[in-house]
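Participant: Going down the list, the sequences are from chains A and B. Just so we're aligned: the first sequence equals residues 1 to 146 in my numbering. Just so we're aligned: the second sequence equals residues 1001 to 1134 in my numbering.
Please keep in mind that the hints were generated in silico from the structure rather than gathered at the bench. Note that beta-carbon positions come from the ideal geometry of N, C-alpha and C, so glycine has one too. Any given hint could turn out to be false.
What the hints assert, rightly or not - Quick list of in silico lysine-lysine cross-link-like pairs, DSSO-like style, CA-CA up to 27 Å: (1) B/K1120 <-> A/K87; (2) B/K1128 <-> A/K78; (3) A/K87 <-> B/K1128; (4) A/K82 <-> B/K1128; (5) B/K1026 <-> B/K1006; (6) B/K1006 <-> A/K87.
Claimed, not checked - Not close to chain B: a few residues of chain A, all C-beta gaps over 10 Å, as computed: (7) E67; (8) V71; (9) R97; (10) S105; (11) G142.
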Amino acid sequence: MLLQKFVENDVLSSLRDMQRLQQQLNRLLSAGGWPAAEEFPPVNVWASENGAVVRSEIPGIEPSDVEISLVNNTLTIKGSRKAEELKNGQRCHRQERGYGEFTRSLQLPFGVDADNVQARFSNGVLQITLPRAEADKPRKIGVKAE
Amino acid sequence: MPTELKEMNKQEVLTHNGAEQTRPGKVFVPRTDIYESQDHLLLLADMPGVGQDSVDITLERNILTIHGRVDPPEFEGYSLTYSEYGIGDYHREFALSNEIDREGIQASVRNGVLRLVLPKSRSAMPRKITVEAE
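Pulled out of the complex, with its shape left as it was, chain A reads as follows:
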C-alpha cells in the first residue's frame, strides 16, 4: 500500500513537472523572445504596390564595405565587419558583437526597376529602395459595353 502510494505520488509529481515545463516552453515561444542565432544582417521589408523598401541593421561597417547587387529580382547584400584590433596589452572583458563576413539574399516578389534602385547607409542602417518596374504594375482593364 505504502509503495503504491509512493509510486502514484511520484507519477503525479512528474506529470506536474512535465506540465510546468510545457507551460514554460509555451510562454517562451509565444513571447517571441527566442534568442536564436539568426541570419546576419537582419532585414525588415516595407512594401506597397509601387515597390519595396528594405532596411537592414549593419552597425560598425563603413558604407564602402557593403556590396549590393540585383540579379533577376534577387537582392544580395554582401560585406564584412572587422574585429576591433587589440593593441598591445589590451584585454577583452566582454565580447558580444560578432564580426566576419556576411551575405544575405532576398528574392523580391515583383519586377524591379533596376535603374532606379537607391541605397543609402546612415547610422549603421542600410536602406535600399526598390521601385517596381512600370511593366510589372497591375493594370486596370476597363470593360466596354457593346
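We have chain A; now place chain B onto it with these hints.
Facilitator: Frame of chain A, contents of chain B only:
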C-alpha cells in the same frame, strides 16, 4: 578561412529598473564589447539607427547609463510586411569601479556604434617603481 558573421536576435529590456516605460515602444539591450588596456577602458556598443545627437550617457555615482533613441522609420503608403528585427530604443547600465577618471570620458557614435573611452584615474594606473642604487 573567413569567419561567417552570425548574431543573436536583439534582446529586449524587459523591465526598466523594475519600473515600466512611459514611452510606448520597445527597448533593446545593445550588444557590447569591453576592452581594457593599461590606461583606459574601451566600450563599444551596437546601436544601429542611433546618431550622435540621439544618445544620452549619464554617470551617476558609479552607474554608467547608456540610452539611445531611435525614431522608427515610416514610409508613406508602405507597410511593414516582413520583419526580422525589432525597432526601438537602446538602454544599458554598467557599474564602474571607482578607478575611472570621470572628467576624461570620451564618447562618439559612428555608423551606429557607440564608442566610449573611459580613462583610468591616475591612482589606478600601474606604476613602475625604480630601484635606486645605494
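Participant: Please go over all the hints and tell whether each is borne out by the structure.
Facilitator: Now the hints, each set against the structure:
At most 27 Å may separate the alpha-carbon atoms for a hinted pair to count; B/K1120 and A/K87 meet this at roughly 17 Å. Distance hint between B/K1128 and A/K78 is unfulfilled; the C-alpha atoms sit about 48 Å from each other, more than 27 Å. Between the alpha carbons of A/K87 and B/K1128 the distance comes to roughly 20 Å, so the proposed pair stays at or under 27 Å and holds. Between A/K82 and B/K1128, the direct Cα distance comes to roughly 35 Å. Violation of the 27 Å bound is thereby established for this hinted pair.
For the hint pairing B/K1026 with B/K1006, the CA-to-CA distance comes to about 23 Å; that is within 27 Å, so the pair holds. A distance of roughly 25 Å separates the Cα atoms of B/K1006 and A/K87; the hinted pair therefore holds under the 27 Å criterion. Against the 10 Å criterion, A/E67 stays outside the reach of chain B, whose nearest CB is about 14 Å from its own CB. At roughly 20 Å from the closest C-beta of chain B, the C-beta of A/V71 stays outside 10 Å, upholding its exclusion from the interface.
Non-interface status of A/R97 relative to chain B is broken: a Cβ of that chain comes within 10 Å, the nearest being about 5 Å off. Taking the minimum C-beta to C-beta distance to chain B, about 14 Å, the non-interface status of A/S105 holds against the 10 Å cut. For A/G142, the non-interface assignment is confirmed: its Cβ lies about 24 Å from the closest Cβ of chain B, beyond the 10 Å cut-off.
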